[in-house]
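Number of protein chains: 2
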Amino acid sequence: MSDLDRVLATVDADLDASLERLFAFLRIPSISTDRAYADNCRQAGQWLVDDLAGLGLGAKLNDTPGHPIVTATSSLGAARRVLFYGHYDVQPVDPLNLWENPPFEPKIIEGPNGVKRIVARGSSDDKGQVMTFVEACRAYLKVTGTLPVDVTIMVEGEEENGSGNLPPFLETHKNELKADVALVCDTSMWDAKTPAITVSLRGLMHDEIVVTCANRDLHSGYYGGAAANPLHVLSKIIAAVHGPDGHIAIPGFYDGVVEPPDAVKAQWEALGMTAESFLGPIGLSQPIGETGRSLIEMTTSRPTFEVNGLWGGYIGEGAKTVIPSIATAKISCRLVAGQDPIHIRDAVRAFFRAHLPTDCSVEFLAGDGSPAVAVSHDNPNLAKASAALADEWGKPAVVIGAGGSIPIVGHFKKTLGQDALMIGFALDDDRIHSPNEKYDLASFHKGIRSWVRILAALAN
Amino acid sequence: MSDLDRVLATVDADLDASLERLFAFLRIPSISTDRAYADNCRQAGQWLVDDLAGLGLGAKLNDTPGHPIVTATSSLGAARRVLFYGHYDVQPVDPLNLWENPPFEPKIIEGPNGVKRIVARGSSDDKGQVMTFVEACRAYLKVTGTLPVDVTIMVEGEEENGSGNLPPFLETHKNELKADVALVCDTSMWDAKTPAITVSLRGLMHDEIVVTCANRDLHSGYYGGAAANPLHVLSKIIAAVHGPDGHIAIPGFYDGVVEPPDAVKAQWEALGMTAESFLGPIGLSQPIGETGRSLIEMTTSRPTFEVNGLWGGYIGEGAKTVIPSIATAKISCRLVAGQDPIHIRDAVRAFFRAHLPTDCSVEFLAGDGSPAVAVSHDNPNLAKASAALADEWGKPAVVIGAGGSIPIVGHFKKTLGQDALMIGFALDDDRIHSPNEKYDLASFHKGIRSWVRILAALAN
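Chains as they are written, first to last, in the UniProt record's numbering: chain S, 1 to 460; chain P, 1 to 460.
It is worth saying that the hints were derived from the structure and are not from the lab. Accuracy of the hints is not assured; some may be wrong.
[Said to hold, decoys possible] If you want a taste of the chain S side facing chain P, the calculated C-beta under 10 Å gives, among others:
| # | residue |
| --- | --- |
| 1 | Thr-33 |
| 2 | Ile-238 |
| 3 | Ile-250 |
Beta carbons: idealized from backbone N, C-alpha and C, even for Gly.
Put together the whole structure using the sequences plus the hints.
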């Protein structure tokens, strides 16, 4: 039996213990965007440091102005080194009443088709994915006492909140973080049977827009009919963003957008994604994107404008006949290759200012962003990882773009000068960012086995 | 010295004690629309019952399926009886951070021009107003041992929440509530020096509109660009309600609207209300109502459609890149003479249904309403009350319409068969329903004195 086979057999034999460790990690409510959970974020980071130190890695909790960053480094003298990236922070859990099981009490629950799922906030995004790699290293070390490649593991705690403190950390630690290839585990498979390596990600620009009309909330009896209502004003501007053809009407929004080569579009066409298969499970039937674009284009190669949250006036129980003074929208734009986040931020702001009626003012409270990234198709490690995945899953990995954003991938390229292979085992129905987030037990188990194979493949 | 003068002198001498009682009443957070405050509502009712019983009135806390109704009756054998109406419930206090003084810790604070103000939630709407009448009765009873007219006092606890339990209460108690005239104290003066008797009120229809797109919240990376966003959908429909000329585009919305006689419009014209005087203090300059209508028309004789609250998606701290499943709007329409609340509710609902795109559904959760009311101009008590007010304030009372709604006034007419005189001492800058609600000390003091004079006048 080869080392590789013995390690894989150990992964299988130790799966229950691996799950126990993951569950302990999932129980920590490390919601990064809400300051109330700051202690829990640190606790999650420390949990991981302790676990990695137990493997004999040089593990450390690195303080930042925000949540700390976990690093762990092996010093085995291997010929090659990989840098692994993931995040231990998770999304907020509201609306809490829609969770069938408390979000931080992980459970194995059998899905409708008998598939076992790990259900908890962070199970898929990203603690479950992080632990596939950690468990692969653990099995290798247990069986062989070493690893095929040296590893540097970096797991941050602010991915769901813009990763603001990671770029300066990369800058100051770039020598220690040098590696032959970066591996990022925060993406999905094509489907439950088809592994995928993601080579492009949309960028993100988010902003918070506050429209003010009167200098205080008004009684709708006294003032109704005469006084401007910021909820009406904000609605009118938002309504003007998308034309009836789904095109975004903000001047300059599409400046510089790069169209994928026809060959790539043809490959996407062949994947046969339909509105029924993609939108059906979420209760929708009709894509609302630009007329004439395919679903894959709408969700990976075309930019978006989305209102992620909107509020104003009385939103408690019962009725209150108020004309509010203020209305607020949290918006975000998914960006594609060729778009500059600052240009987009300014274009969005100009659009809101231009549509503002008399007596209203607008403020913008956020405006952060990161550009889209595209990883080189001829990175030599791509072929090696692809072959390793094919060995595990019995079919070739598809090479795709993703609609989501992992800002750090762009910084890997810019600061460390290296491409990252984005390999993950999440599925599109994992409900990440939503109530009842899950990670298939098979994603976790075969994910660990996949990393065992990839570590072996990258040694050569 | 006449009885009247001695009573007025006693009002002046006892003002501090009157304020102490009002402050005790104001300290009870009787927010009717939020079930969390149900005990406080009962507590406020009981406080008033105890106070009225102390005056020797037959006072009672009447249970209802909602908050209880206070009644108190004198049995002095007077030739005439008045029914006084007010409410002890108050509006919610959010946004709490905008209050300069805690809303339920009443204080006398000097305003910018040296005018003393009672600052607290409910100071003006309506506990302060209720206590002007109670204190007038107290002074009369103290000085003369009797009242010029018998009084029936009815103070409800659900005015800010639709007064749903008052109509059946009126129906079952109509014999006990019989009186020669009803007096409603929940309105404003024309200005700080000019008393007013209000003879018409706009009605109200309110509804809660829930738009659902996907069957769960979505990750805007995976689904953004393809999946419908209910915040966009709701914004588009709200944006379509008002045309650029301020006209409401809902088919059938203006059906049956009665135009006031030209003579009435001329009287309003003469009051010289300007955008500067009316909107200036709230930081606005331009009326947004229908082109060609005066401010008084916009706010009293023309109907409105207003979004009072809107929310959906992530509204906490930080950013969350979600496409929500659900977006909700609380809306209300102010109605004028000739409009039927049910017809308006159905017209609004039909408009939302007609504008709903594929894949979205809409639910309506409220849809309550009450029509506008107009009190007869030739009610004989109008002249008597008007003369009494002129004696107190040194100038005639103006007879006006109000933009707000007091649903109970319609029920007085329908169930008890009597018109109500709406006389109140609030001012337009009282910030009712808003942070920092206040009631001028003069409103309270001269309000008490006004009721003393009105009680005397109505005896004849």
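Here is how each hint holds up against the structure:
no. : hint    : in the structure
1   : Thr-33  : holds, 3 Å
2   : Ile-238 : holds, 4 Å
3   : Ile-250 : violated, 14 Å
The structure is inconsistent with hint 3 alone, although it conforms to all the rest.
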